[in-house]
Amino acid sequence: MNLAVGLVYAFLLAPIVVVVLAALNSGAYLRFPPEGLSIRWFVAFAHSRSFTRSLRFSLELATVVTVCATVVGTMASLWVVRFSGRFRNTLRILMVAPLAVPGILTGIALLIFFYAVGWEKTGLAGLIVGHTLICVPYVFLITSAVLIRFDRTLEEAARNLGADAFKTFWRITLPLIKGGLISGAVFAFVTSYDEFNISLLLSGVGTTPLPIELFDYLRFSFDPTAAVAGTISIGMALVVVLITQRLVGLESLYLGGG
Amino acid sequence: MAVARAAANGAAADASRRVVGRHLLVAPALAVLVVFFVLPYLNLLVISLMTPSHRAPYLRVLTLGNYTTLLRDPFTWQVIWHTLWIGGVTTAISLVLAYPLAYHLARAPRRLRGVLMVLVISPLLVGVLIRTYGWMILLQDTGLVNQFLRAVGLRGAPLMYNNTGVLIGLVHVFIPFMVLSIAGTIQHIDPELEFAARSLGAGAWRTFWRVVVPLSLPGVFAGTILVFVLTVSSYVIPSLLGGFTVLTVPLLVVRTVTELFNWPGGSAFAILFFVISLAVIWLYVRAMGRAAHLS
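Protein chains in written order, with the working numbering: chain A, 1 to 258; chain B, 259 to 553.
Please keep in mind that the hints were generated in silico from the structure rather than gathered at the bench. Treat the hints with care, as some may be off.
[Stated by the list, open to error] Beta-carbon label-pair distances, calculated as ranges:
(1) Ala285/B with Gly27/A: 29 to 37 Å
(2) Ala10/A with Ala285/B: 42 to 50 Å
(3) Ala4/A with Thr321/B: 50 to 58 Å
(4) Arg219/A with Leu518/B: 13 to 21 Å
(5) Gly346/B with Pro34/A: 34 to 42 Å
(6) Pro476/B with Ala46/A: 43 to 51 Å
(7) Arg280/B with Pro34/A: 38 to 46 Å
Even glycine gets a Cβ: it sits at the ideal position worked out from N, Cα and C.
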């Protein structure tokens, strides 16, 4: 049993390990036994204008989306956990719905919708909208999980001692759910950074996130410059997961049952 | 008297202001979801009934022509069937591979479980594109797997630009979802039940099949539906790992919309497939329900 489990984990991690190896490989093709270590591909990446431009664009886009998604998602989860009453389940489903439908379809729907309402050059704003749509559910799920476990008697104590709602939230609630907020925010960041399907349909000239740049590149070339972009993503993913595990515990991501 | 009534009125006004204030919390999320999610999808439905045109994305003339063209075209059904087939096979393989992982994860001691969760969830955050790229490196004709096969004297195998490559990629990308679904349920199964079965003489296998598996079915159920839906919606993997030989609905829809500029046709196809997928899932739910009744 343990061997089987180990093999599946190996399967899960193989392509990721391979990408990092390819980025550090001195040759253009990953061979076994490996040819040697080199950072030449990192240098090539840094020199590639299209890659560095799209990297910066992705980072900027992800930052804006993170702020929007965290604010919107946290407010929504506060409401759903505390004030939603009989609308609770409906809202829960609605908040998570963007994750349940194919991203590619959402991208197409947005593309056509923007045209239909007369919004021509959607550019960065269009991408922000699309990405926020995908990221809010993650923020919502993580902060909801934290809020459900939150001890409201602490707030009641503060109110009893004379603090108003806002002060209570700012001084008591917020610091205590900080972990959930940060986890939700970093999750949103990475989700936006990695987002492909929606970006595919909404990106334009000059507004090309890194995954799209990478996709175009991979269709025709194959050198490990692309692996450098992959290594960056992998590093980011690890950092986010470790932060989330530390602050909230990854169990909040159990689907169904947890 | 008047003072008391004024105070009561004031308090009531305050209270209703507080209630309104509360509900404003959900306003931004609702606005975003209604305007940028619900409306676009409704619009998609409307567009699918418009007439395609060469000069504009579509003509504002209602027609069912898009749907009839699709329904009559055998190619449509070929692609739909192929996509559903890929969905089914991927789901089945993912289930088999993910279940041991889920059980192991759910029953692991706390510290190990943290590490394992990191291993399971990190791939999700790396993004589909990067993981697909990793598979490209592995599965190509000159890739690592074939290098290994040739090194031990076997012939190379075509693992990419075909169904095999696509299935491998899809299974890999969606196993974590299956694991998370099932592990959550197994974690709620009281280990005492397993101990009880063992102490009554049942072997490990028997306990597993008779105790754990039946109780884990809700998670299996949710996981299979989730993975199926995600698989048939996938674009990147069939595109990069399938080359031009594996055509799935998402690929065709995107091509219709962005390369052929046939927005009504693409929308109609998307909606048609959505309805068919729902039907498949509904049949599955019914079959599971009936199986549950029989057992």
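Structure versus earlier hints, numbers of those that do not hold, lowest first: 1 and 7
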